[in-house]
Every structure is written in structure tokens, then in C-alpha cells.
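Since the structure of chain D is already known, use the hints to place chain C on it.
Now for the letters of each chain:
Protein chains: 2
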Amino acid sequence: MWTSGCQSLTFSIRVYVYSNFSSEKHRWNPVFASTNKSVVDLSLPAKVERLLDGLKWDDKGLVVATAQNVDTGTILMQGFANKEAVLKTASERRATFYSRSRSQLWTKGETSNNFINIHDISLDCDRDSIIYLGKPVGPACHTGTATCFYTSLDDLIDDPQGGKHKLALSTLYSLENIISQRKAELASFQTGKPSWTKRLLLDNKLLCSKIREEADELCRTMEENEGRSRTASEAADVVYHILVSLAVQEVKFEEVLEHLRERFSQSGIEEKKNRAPKVTKD
Amino acid sequence: MWTSGCQSLTFSIRVYVYSNFSSEKHRWNPVFASTNKSVVDLSLPAKVERLLDGLKWDDKGLVVATAQNVDTGTILMQGFANKEAVLKTASERRATFYSRSRSQLWTKGETSNNFINIHDISLDCDRDSIIYLGKPVGPACHTGTATCFYTSLDDLIDDPQGGKHKLALSTLYSLENIISQRKAELASFQTGKPSWTKRLLLDNKLLCSKIREEADELCRTMEENEGRSRTASEAADVVYHILVSLAVQEVKFEEVLEHLRERFSQSGIEEKKNRAPKVTKD
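Here the protein sequences come in this chain order: D and C. Under our numbering, think of the first position of the first sequence as 1, with each following residue one higher. Under our numbering, think of the first position of the second sequence as 1, with each following residue one higher.
No lab work stands behind these hints, which were simulated from the structure alone. Some hints here could point you the wrong way.
For identical chains, the list gives no copy identity; a pair is met inside one copy or between any two copies.
DSS-like mimics (lysine-lysine), calculated; alpha carbons at most 27 angstroms apart, straight line [unchecked claim]:
no. : residue 1 : residue 2
1   : Lys56     : Lys193
2   : Lys166    : Lys183
3   : Lys183    : Lys205
4   : Lys56     : Lys166
With the rest of the complex left out, here is chain D (with noise of 0.2 angstroms):
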């Protein structure tokens, strides 16, 4: 079912250093037994292509491909894939995509160098869809902005003319997004009282009284067996506060998930780390 020109990136030699990096689990740096180093070698092992061969392509011999980042999960793009691609992403990390347009493979990034870079590839149960678990570099959109997904239907229902530039955002970015248009508001005349989140953006001495006081609510919740529900609660008082202080020193969450990930990624790429290189020849 997979017609495109596969078979002319199969040598017949085949060598492989399997390496790690900090942010990446897999990447196949290929070792060329000619001399030729600008032949640009994209072989994998034959038990890649027979993994790949599992997969339930379409009659286009293409499955659907979705770019989710990798540490906020918000999904970036949707796209097709054809083995090549899978192949492709797979052994170069960038997300590689079959144009149905243009009949043609094409990296993300290889014009705009607004790469994605992947840390996983998924499959679903029934093997015809699989997420580009990745990092972005820059905006995955052509359009600019940070996800292809930016028209909201119901908006477009109260507004047919208007309606866009509401990113599908998951809870926590859409509460930090609206922490910003806070903030943002602040630049201009205000009338009123301000709301709660402006007052605490206005004043650090009062955001910081209030991180330390919410933090040992949630303590509390622990210490005098208040329950799960309290214990949620106080638990999302606390995140809001500190999501108001990233505001505050311009930090996104997202730069916070980055630490989490290099801290907690180590442990597995440590004991990969302490394996042999994998040399391979078949």
C-alpha cells in the first residue's frame, strides 16, 4: 500500500551508533561504510521498517500524524505521514510530514527553520495515527502563531467575522493566558477596583504573602487529614499564585515544564547512558 521511493533509502550495508541526548531519547546517527559522506543515509534498521510495516496505512498508504508539544500538550499541527516520513521523523527527530499537495515529503521547519523537534513518536490502538511528541521551535503555524488550532467554533458562532486567535489551549495555558491579558491590561487607564489577579500583579510584597500563605494551606491539608477535595483546592490556590508570579517576571509555565523534564528525563537517559553503543550491522 506504501508506494512512495522507500526502498531507495535502504543500502545494503547498514551501520548504527545509537546515541543519547539530554532532550531526545533515540536518535540513529547513520555511519557511512563508503567514503561518500554527502550521500545522506537514512537506513534504519530492519526492524524499524517491519515495525512501520505494521501499521495500518490508507489506501494513500498514508496514516494521520498529529505534532503535540511535548511538554504543554497542546497540539500544534495535524498532517499526514507516509512511511518515508514516519522513517524520516524517526531518524532525524524533526517531524516529517507526506504533503498531499505537493505529493512530496517535507520537514516542519525545513523553510521557516520552525522545526519540531521529537522526543517521542506514538501510536494509537488501531495503528493508523500516531503523535509527533515534540518540541517547537518557534511557531508550528505558518500564520505565526504557536498552534495551527486558533478559531474557536462556538466564538465563530457568536461571530462569524470574528472568532479567532483562541488558541486550543488546555486549562493551565488557558488560565496563563489570561493572567497575561491581566497584565497586559495594566499598560492602559483602569477604572474601578482592580480584580484580584491585577491587585496581585500590582504587588509583589502581596503575591509573595500570598505563595507563602497558600502553600501552607496545602501543607495543612496533609497535616490535618482535611481530605482529597481540600487538598485539591488548596493545591489549585497554590498554582495560581505562582502562575501570577511567572506573569510577573515574564516566565511560562512552559520554561518551568523544561527543568522538570531535564530533571526527571536523567534517569533513563543515564542508564541508556551506561549501555554499550549499539553498533548493528545486518
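Frame of chain D; chain C shown alone:
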């Protein structure tokens, strides 16, 4: 291009009551012009149909439809939708797809009751892909897992017979999973020095002292102008310790987000509630 029986859903007299719910922005409650209340009237205002006419339906009258957890951002499943499926999703607020194998609509959960309740529908820049941002009731996958994406290609490459059940989670939820695993490991016999996470899980006093200490350190980054990078790092420390405290009390971070969503979606909802019920006749 869209060929299924949507026209049959259109009635000459359309009366809608426009109402709001705490967790959902829109819901059209059809009010029947006839006395036959058993007839399911899925008709929507002409403007909604016109909006959907503007989508780029493929040669089979479909767009890709991806269901995403509104709170965590986890991609739950991916299917396809025809116009009728999007209309039904928009009106009934439950993720509905078009089954290509059975050539019929199917609402996720119609047999299992594991519905995905819709909060928003997002269109991409090309208008050929949509996100159903929703809240799953129970597991989204027919296999019983939270998401259909539980197979890592990288893991399969390492172990073609295994490599399953690594959910496609973004950083925060991967970390939450790691902490849960550490907690589960505590039930079995432990040798050697326990990890820091395990020490925290075993000692509420230590955990609470760390939560208070890290919250204080985050505040100091603001009070002492320690810079953006230090702020992100200290916020990461607080978030990690919050996750451990949630694990101790068997609370998922998703529950924390539910609290935040309920609080911060109030303003928009209240604004809508203050409007007179929208009754249209066309």
C-alpha cells in the same frame, strides 16, 4: 462534497433555547414545534451550517477530528467527522465521529457510556482538521486506557514484543506517573537508600517542610530579583513537591485543574447567563 443525510435534520421551523452550563460554553437545546417529542431535532441555526460549509471536507466529506482532554491536554483519540458529526457534536456537546468502517455516525461512549463532553471545538488554519476539546467520562480507549495512544515507537524499537502502555503524556503528567510508580514501589521490599521522591512520599513532615521552603525560595527570586531562569527553576521545585503531596493524598493533578477551570471560566459564563435567553425563529 458532503453527501450524508444532513438535510433530513433540517426542519422548517427552528426554535432554539440558548443556555449555558458551568462546564460548557454552548449547548443548543432544541424546542420542538411539533408535539412529537420523540423526534430528535439536531437542526442548528443556518449560520452554523454556513460556517461548516466553509470547512475543507475531503473527497469523502470528512475532516480529521482529534479529541483532547480539556484539562490535561492529553490526546485521547483520533477519528474522522463529517458535517453531520460536527453538527451533532456542537449541538449535543458529546464528541461524535463518522465511522469509516461502519459508514455511520458514532458518538464516543454511546455503548460504553464513556462519553467525551465537549467544551470547545477548534478549527485549524486550513479548516480541514478539528479538535474536540473535551472532558472524558472514563477511559477514552476501547482497551480501557485513558488514551488510545499508549504505544511508544521508540520503546517498540527497543523491544518489539513489549513497548506498550507508555501513554503519550506531556511533561507534567509523565512526572506525575513517575511519582505514582515510586509510590507503588514502596509497597514492595526496598533495598538500598530510597530516592528523594520515596523519602518525601514516606515522610509528610519532610514533604511539608520542603513545600514551605520551596515556596519561600520562589518568592525570594522575586524579592531579590534573581532572574528568570532562577524563577523557572524554583517554580519547578514547588510544582514537583506539590505533585508529591498530591500523590500522597491520591489526588490527580487533573482534579486541581478542574478547580481552576471552574473558577476561571466563571466570568465568561456569568456574562452569558446575564444575557436574555436567545430564541431565534427563521
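Here is what the structure says about each hint:
1. In this homomeric assembly, Lys56 and Lys193 never come within 27 angstroms of each other (Cα to Cα): the closest approach is 59 angstroms inside a single copy and 46 angstroms across copies.
2. Within a single copy, Lys166 and Lys183 get their C-alpha atoms as close as 18 angstroms, which meets the 27 angstroms cut-off; across copies the closest is 39 angstroms, which misses it.
3. Within a single copy, Lys183 and Lys205 get their C-alpha atoms as close as 17 angstroms, which meets the 27 angstroms cut-off; across copies the closest is 37 angstroms, which misses it.
4. Only between protomers do Lys56 and Lys166 lie at most 27 angstroms apart by alpha-carbon distance; the minimum there is 20 angstroms, versus 34 angstroms within a single protomer.
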